[in-house]
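A.B. asks: Chains as they are written, first to last, in the numbering used here: chain Z, 1 to 292; chain S, 1 to 292.
Don't read these hints as lab results, they were simulated from the structure.
Any given hint could be a false lead.
As the list makes no split between identical chains, a pair holds if one copy fits it or if it spans any two.
Stated by the list, open to error - Below, a list of computed lysine to aspartate or glutamate pairs in the EDC-like style, where the Cα atoms sit at most 20 Å apart:
hint: 1; residue 1: Lys176; residue 2: Glu89
hint: 2; residue 1: Lys156; residue 2: Glu45
hint: 3; residue 1: Lys287; residue 2: Asp78
hint: 4; residue 1: Lys287; residue 2: Asp208
hint: 5; residue 1: Lys156; residue 2: Glu274
hint: 6; residue 1: Lys176; residue 2: Asp265
hint: 7; residue 1: Lys125; residue 2: Glu274
hint: 8; residue 1: Lys176; residue 2: Asp208
hint: 9; residue 1: Lys176; residue 2: Glu57
hint: 10; residue 1: Lys156; residue 2: Asp3
hint: 11; residue 1: Lys26; residue 2: Glu259
hint: 12; residue 1: Lys176; residue 2: Asp102
hint: 13; residue 1: Lys125; residue 2: Glu275
Number of protein chains: 2
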Amino acid sequence: MLDDVRLIVVGFGLMGGSLARAVRPKMRGVIAVDADAATRNAAIESGIADAAFATIEEVNVSADDLVILATPVSAIIDTLNRLTVLATEGCMVMDIGSTKWDICRTMNGLPGWFQAIGGHPMCGKETSGFAVSSADLYDNQTFILTPTVRTTPYLKEVALALIAALNANPIIIPPKEHDQTVALISHLPYLLSATLMQQASNIANGTDTVWHVSASGFRSMSRLSGSSPAMMRDILLTNRPAVISQLLRYQRELAAVVEMVNDGDRDALVAWLEEKQAQHTHYQQIKNNGTA
Amino acid sequence: MLDDVRLIVVGFGLMGGSLARAVRPKMRGVIAVDADAATRNAAIESGIADAAFATIEEVNVSADDLVILATPVSAIIDTLNRLTVLATEGCMVMDIGSTKWDICRTMNGLPGWFQAIGGHPMCGKETSGFAVSSADLYDNQTFILTPTVRTTPYLKEVALALIAALNANPIIIPPKEHDQTVALISHLPYLLSATLMQQASNIANGTDTVWHVSASGFRSMSRLSGSSPAMMRDILLTNRPAVISQLLRYQRELAAVVEMVNDGDRDALVAWLEEKQAQHTHYQQIKNNGTA
Numbered sequence: 001m002l003d004d005v006r007l008i009v010v011g012f013g014l015m016g017g018s019l020a021r022a023v024r025p026k027m028r029g030v031i032a033v034d035a036d037a038a039t040r041n042a043a044i045e046s047g048i049a050d051a052a053f054a055t056i057e058e059v060n061v062s063a064d065d066l067v068i069l070a071t072p073v074s075a076i077i078d079t080l081n082r083l084t085v086l087a088t089e090g091c092m093v094m095d096i097g098s099t100k101w102d103i104c105r106t107m108n109g110l111p112g113w114f115q116a117i118g119g120h121p122m123c124g125k126e127t128s129g130f131a132v133s134s135a136d137l138y139d140n141q142t143f144i145l146t147p148t149v150r151t152t153p154y155l156k157e158v159a160l161a162l163i164a165a166l167n168a169n170p171i172i173i174p175p176k177e178h179d180q181t182v183a184l185i186s187h188l189p190y191l192l193s194a195t196l197m198q199q200a201s202n203i204a205n206g207t208d209t210v211w212h213v214s215a216s217g218f219r220s221m222s223r224l225s226g227s228s229p230a231m232m233r234d235i236l237l238t239n240r241p242a243v244i245s246q247l248l249r250y251q252r253e254l255a256a257v258v259e260m261v262n263d264g265d266r267d268a269l270v271a272w273l274e275e276k277q278a279q280h281t282h283y284q285q286i287k288n289n290g291t292a
Numbered sequence: 001m002l003d004d005v006r007l008i009v010v011g012f013g014l015m016g017g018s019l020a021r022a023v024r025p026k027m028r029g030v031i032a033v034d035a036d037a038a039t040r041n042a043a044i045e046s047g048i049a050d051a052a053f054a055t056i057e058e059v060n061v062s063a064d065d066l067v068i069l070a071t072p073v074s075a076i077i078d079t080l081n082r083l084t085v086l087a088t089e090g091c092m093v094m095d096i097g098s099t100k101w102d103i104c105r106t107m108n109g110l111p112g113w114f115q116a117i118g119g120h121p122m123c124g125k126e127t128s129g130f131a132v133s134s135a136d137l138y139d140n141q142t143f144i145l146t147p148t149v150r151t152t153p154y155l156k157e158v159a160l161a162l163i164a165a166l167n168a169n170p171i172i173i174p175p176k177e178h179d180q181t182v183a184l185i186s187h188l189p190y191l192l193s194a195t196l197m198q199q200a201s202n203i204a205n206g207t208d209t210v211w212h213v214s215a216s217g218f219r220s221m222s223r224l225s226g227s228s229p230a231m232m233r234d235i236l237l238t239n240r241p242a243v244i245s246q247l248l249r250y251q252r253e254l255a256a257v258v259e260m261v262n263d264g265d266r267d268a269l270v271a272w273l274e275e276k277q278a279q280h281t282h283y284q285q286i287k288n289n290g291t292a
């Protein structure tokens, strides 16, 4: 099925580049679209892309093409709007952006001859760019699909075949539920990490002792603060209500923790600490085995 | 120098067991002290300890011995108090507990024929016990020493030789400064991680979607929530003022972040996100190269 399909990857960075690396042997061909000339050269020189262009306007998009939109969210929406003018016979479109409601709403508004589905692979790194892309980035990771009114059974099959080629694990959930869940599981954690990095930087204030003392715990907790600003900007602007809701809830939870530590009640503290450890074990069991 | 010294490790778990594994070939001998019978058996059967006892009272402690206290903080203080009765000719003592002020104050009160120094290796895992110990746990990690009034030049030399044998990197800082720095770099991050785990567990509420959607970002941010409750209890009880101070500061920083996300000012958001990424890069450079 995939060998009938030409892949056009818009945004040939960490996510788009890694996807192309992994599925290239199974596709009819791969076209890279990226504004950055060095990335386009690397895409060609690595043999991952057959051709590379600066804009989607330069590509002769046809109905058999699967266009993968792998840029920050605002650029995905912009490209979707440009496609309506460009691909007069339509095409298949899937995005891999971090929030889904705004994108899927735009997909719903595409002319009826387009096939479109939202996607969100739950993988990434705290670095970005084609140079750090790798064929195993999606391996064994969760890949969310969010259907739209433009999702045909054929496109769904193609999307599932692509996910299978990536060796990723598909989950299908509606766009709204997606955005609420990732606000908790991804966007809130980013903001907590970035806030911690800010606090540590303010206290370090140019001296290095804080950093030398820091160890693996701080490394884990600060890792997300290195995420791409352009990606996070669009995430926070397109998923604001859900993010704010999770932040407010976290503030309430944290206020209770401050009170508990301040009280210094040994038994209450131990009960809470043991409950957290048990919750962590439960989460790990589900991730490791697929069941609790 | 170390081959004159017999090591008595009280608490033969992840930290104590890993230390013994790494330095055993260089010492005159290794004695394990652990309340858990299975741990004592494993210590002997693995060949890491020459003998194992349930309590320090059963060991014939002498002035040439280096007693390493590797239990939670409250048990370290308890053992220090028992040593004053037990080791009538004194001995060398070093602890590797997570907070230093309460312990070093107790060390200051030891009779003058004791030699004592505080220690804190900045490594660990989110699991505990001798079963998960490994000889490379301390490899290339920061190992803090906090001198006391009972720290002799000889003990300091022995401690540095031990740290060299672990292939760890020593830093010497006063106990108070240690406790304030780790409140920021270790205890606050634990509480943030545990609070996130609590929030996610409450929202998941028995269903698995949240966990299936979760990926490496959540894994990093929730890892510390699996830390040993007994260890964290003593940390939070013995470093309460510094932890509260960091929590209150974090609450203020987070309130400003909530306001910024709520405002949705694109330029302000981008400036903040870029600053966080730059701070993360700066921190990584210091960790990787030792300088910025």
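A.B. asks: Any hints this thing doesn't respect? Which numbers, in order?
C.D. replies: Going through the list in order, the structure violates hints 1, 2, 3, 5, 6, 9, 11 and respects the others.
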